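The listed protein sequences correspond, in order, to chains A and B. For the first sequence, this note's numbering assigns the number 1 to the initial residue and increments by one for each residue that follows. For the second sequence, this note's numbering assigns the number 1 to the initial residue and increments by one for each residue that follows.
Since the hints were made in silico from the structure, they are not lab data. Among the hints, a few may not be true.
Example chain A residues on the side facing chain B (calculated, C-beta under 10 Å, incomplete) [to be verified]:
1) F33
2) G42
3) G58
4) I60
5) G63
6) Y64
7) S87
8) R100
9) S101
10) G103
These numbers were taken from a predicted model, which means no experiment stands behind them. We treat Cβ as the ideally placed atom computed from N, Cα and C, and that holds for glycine.
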Amino acid sequence: DVKVTQSSRYLVKRTGEKVFLECVQDMDHENMFWYRQDPGLGLRLIYFSYDVKMKEKGDIPEGYSVSREKKERFSLILESASTNQTSMYLCASSRPGTERSAGYTFGSGTRLTVV
Amino acid sequence: GNSVTQMEGPVTLSEEAFLTINCTYTATGYPSLFWYVQYPGEGLQLLLKATKADDKGSNKGFEATYRKETTSFHLEKGSVQVSDSAVYFCALSATDSNYQLIWGAGTKLIIKP
Numbered sequence: 001d002v003k004v005t006q007s008s009r010y011l012v013k014r015t016g017e018k019v020f021l022e023c024v025q026d027m028d029h030e031n032m033f034w035y036r037q038d039p040g041l042g043l044r045l046i047y048f049s050y051d052v053k054m055k056e057k058g059d060i061p062e063g064y065s066v067s068r069e070k071k072e073r074f075s076l077i078l079e080s081a082s083t084n085q086t087s088m089y090l091c092a093s094s095r096p097g098t099e100r101s102a103g104y105t106f107g108s109g110t111r112l113t114v115v
Numbered sequence: 001g002n003s004v005t006q007m008e009g010p011v012t013l014s015e016e017a018f019l020t021i022n023c024t025y026t027a028t029g030y031p032s033l034f035w036y037v038q039y040p041g042e043g044l045q046l047l048l049k050a051t052k053a054d055d056k057g058s059n060k061g062f063e064a065t066y067r068k069e070t071t072s073f074h075l076e077k078g079s080v081q082v083s084d085s086a087v088y089f090c091a092l093s094a095t096d097s098n099y100q101l102i103w104g105a106g107t108k109l110i111i112k113p
């Protein structure tokens with residue numbers, strides 16, 4: 001069974017901490033995505049990557065960075081966590097050219113609380 | 001540009017009621033259309049899809065028909081269960097949007113026993 005695995009289901013971090021959210025997929029997908037989900041705002045794209053070491057800003061990249069050193073792993077980094085980054089974070093992946101037929105595969109999400 | 005509009009929630013129904021969640025879209029060309037479901041505390045799962053006009057996607061008793069003339073992809077189920085309580089997202093993959101899916105805002109469905 002194909003999988004996207006997010007390392008933590010729940011995280012609590014302090015304001016100002018550097019936070020790493022990890023996502024690993026075992027489907028050999030080139031494309032990987034980070035979204036945040038907030039009530040009433042739906043899914044908002046933070047960053048995506050279409051290859052190793054490649055990254056593109058999404059709609060709300062401020063306060064975040066990403067790292068893609070290996071094809072299977074896409075990390076989201078909160079450089080200095082703030083309370084307004086408390087949210088559900090979702091990782092997804094896809095194979096280029098299959099989005100129209102297969103969509104994305106999502107991880108289970110990481111619920112981050114910044115106190 | 002490309003966009004997806006879903007009916008606002010929450011939608012509250014009694015068990016065994018008929019469900020419709022409306023979804024309309026704006027897109028160039030011929031998009032593919034998707035419904036995803038998110039159960040409480042979980043990520044999103046693909047529920048069903050349709051890749052061309054008049055296609056009907058179906059899964060777990062849910063159905064949606066790709067209507068190009070009305071630019072719609074409404075989700076329906078004949079008899080809902082408490083276990084269908086979730087957030088439902090409509091999305092499209094447009095011919096000019098590369099690898100990105102365009103998402104609706106999501107509709108929360110609450111089924112009462």
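With a cut-off of 10 Å, does the beta carbon of A/R100 approach a beta carbon of chain B closely enough for the hint to hold?
For A/R100, the interface hint holds, since the closest Cβ of chain B sits about 4 Å away, which is under 10 Å.
Under 10 Å is the threshold here; is the Cβ of A/Y64 close enough to any Cβ of chain B for the hint to stand?
Violated - the Cβ of A/Y64 stays beyond 10 Å from chain B, reaching only about 17 Å at its closest.
A/S87 was flagged as interface toward chain B. Is the shortest Cβ-Cβ separation under 10 Å?
The hint is violated - A/S87 has no Cβ within 10 Å of chain B, the shortest such distance being about 14 Å.
Restraint outcome when A/F33 is required to lie within 10 Å of chain B by C-beta distance
8 Å, holds
When the nearest CB of chain B is found for A/I60, is that gap smaller than 10 Å?
13 Å, violated
Next item in the hint list is A/G58. Is there a CB on chain B closer than 10 Å to its CB?
Result: holds, 9 Å to nearest chain B Cβ.
Against chain B, is A/G103 within 10 Å by beta-carbon distance?
5 Å, holds
Was the hint right that A/S101 lines chain B, CB cutoff 10 Å?
Since chain B brings a Cβ to about 6 Å from A/S101, closer than 10 Å, the hint holds.
Minimum beta-carbon distance criterion (10 Å), A/G63 to chain B:
Since the shortest Cβ distance to chain B is 21 Å, the answer is violated.
Double-check A/G42 for me: the hint is only fine if its C-beta lies closer than 10 Å to a C-beta in chain B.
Hint on A/G42: holds, closest Cβ of chain B at ~4 Å, below 10 Å.
Hint violations for this structure: numbers 4, 5, 6, 7, all remaining hints satisfied.
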